[in-house]
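Its first residue numbered 732, the sequence shown is counted upward by one per residue in the numbering used here.
Incorrect hints may have been included.
Said to hold, decoys possible - Label pairs and their calculated CB-CB ranges:
#, residue 1, residue 2, range
1, Thr770, Ser909, 27 to 37 Å
2, Thr750, Val891, 17 to 27 Å
3, Arg772, Phe734, 15 to 25 Å
4, Val741, Pro892, 17 to 27 Å
5, Asn829, Asp899, 38 to 48 Å
6, Gly867, Arg797, 33 to 43 Å
7, Asp902, Asp761, 29 to 39 Å
8, Val766, Arg842, 18 to 28 Å
9, Ala897, Arg773, 25 to 35 Å
10, Gly757, Ala854, 34 to 44 Å
11, Pro853, Pro907, 38 to 48 Å
12, Gly798, Pro737, 11 to 21 Å
13, Pro892, Arg738, 21 to 31 Å
14, Met732, Arg773, 24 to 34 Å
I should point out that these hints are in silico values taken from the structure, not numbers from a laboratory.
Where is the CB? At the ideal position from N, CA and C, for every residue including glycine.
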Amino acid sequence: MLFRSPRPPVDIPRVPVTTYVLAKAGEVADRTALVDAITGRRMTYAGLEATIARLAGGLAARGYGRGDVFGIYAPNTLEYPIAFHGAAQLGAVITTVNPLFTADELANQLRDCGAKCLFTIPAFMEKARAAAARAGLREVIVFGESEGAVSFSELLVASVPPPAAAVDPGDVVALPYSSGTTG
C-alpha cells in the first residue's frame, strides 16, 4: 500500500549537505552554533565553518578524499559534527557507530562498510584500536590525546586549504547502521 502525505512535497536543495548546513553561517557568524552540554564548551558559526574547513584540509593532507569511509565512534561531543562535516566536505562517507559497541561489533561494522579511518574519544581507545586492527583501518583519530592515535587537534593546524572536491549532491554522505531490526 502506498501512502501519500496530505502536505505538498518539500523542496530539497541540490547542494552538498555541508554547503546546506553552513549556508547561513556568515549571517550569524558570532552566534553560538554548538554547545557541549557536559563541558560547556561553545563554538560560533564562524568557528564551526573555519574548523570544518581546517579539518577537511588536514584530512586531505593525510591522503583522504572522495568516497573514503570514516567511522565516528563517540558520544555527542563538540567534535562530532565537525568530524562529520569535515569528512563530508571531502566527499567522504561517514558511518556512525553505536558508542556502546564492543570491539568485535565495531570491527564488523568498519569492515562491512569499508572504512579507512575511525574518529573516537580517549575513553574508547582500547576498543577502537583493537577494532581498527581487525578491520584493517589506516589510522584512528582521537578527539583529545591518546598514544597510538592521531590527535584531532593536530589535523586542525594543517595549513592545507580544503580541497575543491567535486562533491555531487547525490553522493552518499552517511552510511548509518541500524540496531538490526531492518535485517
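Evaluated hints:
1. Evaluation of the 27 to 37 Å hint for Thr770 and Ser909 yields a pass: the beta carbon distance comes to about 30 Å.
2. At roughly 20 Å, the beta-carbon separation of Thr750 and Val891 lies within the given 17 to 27 Å, and the hint holds.
3. Distance hint for Arg772 and Phe734: a CB-CB separation of about 43 Å, inconsistent with the stated range 15 to 25 Å.
4. Between Val741 and Pro892, the C-beta spacing of about 34 Å breaks the proposed range 17 to 27 Å.
5. At about 29 Å, the beta-carbon gap between Asn829 and Asp899 misses the expected band of 38 to 48 Å.
6. Between Gly867 and Arg797 the CB atoms are about 20 Å apart, so this pair departs from the stated range of 33 to 43 Å.
7. Restraint check, Asp902 to Asp761: a C-beta distance of roughly 32 Å satisfies the suggested window 29 to 39 Å.
8. With their beta carbons about 35 Å apart, Val766 and Arg842 fall outside the hinted range of 18 to 28 Å.
9. For Ala897 paired with Arg773, a C-beta distance near 34 Å keeps the hint of 25 to 35 Å intact.
10. Hint check: Gly757 to Ala854, Cβ distance near 36 Å, so the stated range 34 to 44 Å holds.
11. In this structure the hint that Pro853 and Pro907 lie 38 to 48 Å apart at CB is violated, the actual value being about 25 Å.
12. The supplied range of 11 to 21 Å is broken by Gly798 and Pro737, whose beta-carbon atoms lie about 39 Å from each other.
13. Against the hinted window of 21 to 31 Å, the Cβ-Cβ separation of Pro892 and Arg738 comes to about 42 Å, which falls outside the hint.
14. In this structure, Met732 and Arg773 break the distance hint of 24 to 34 Å, their C-beta atoms being roughly 47 Å apart.
In terms of the numbered hints stated before, the structure departs from hints 3, 4, 5, 6, 8, 11, 12, 13, 14, listed from lowest to highest.
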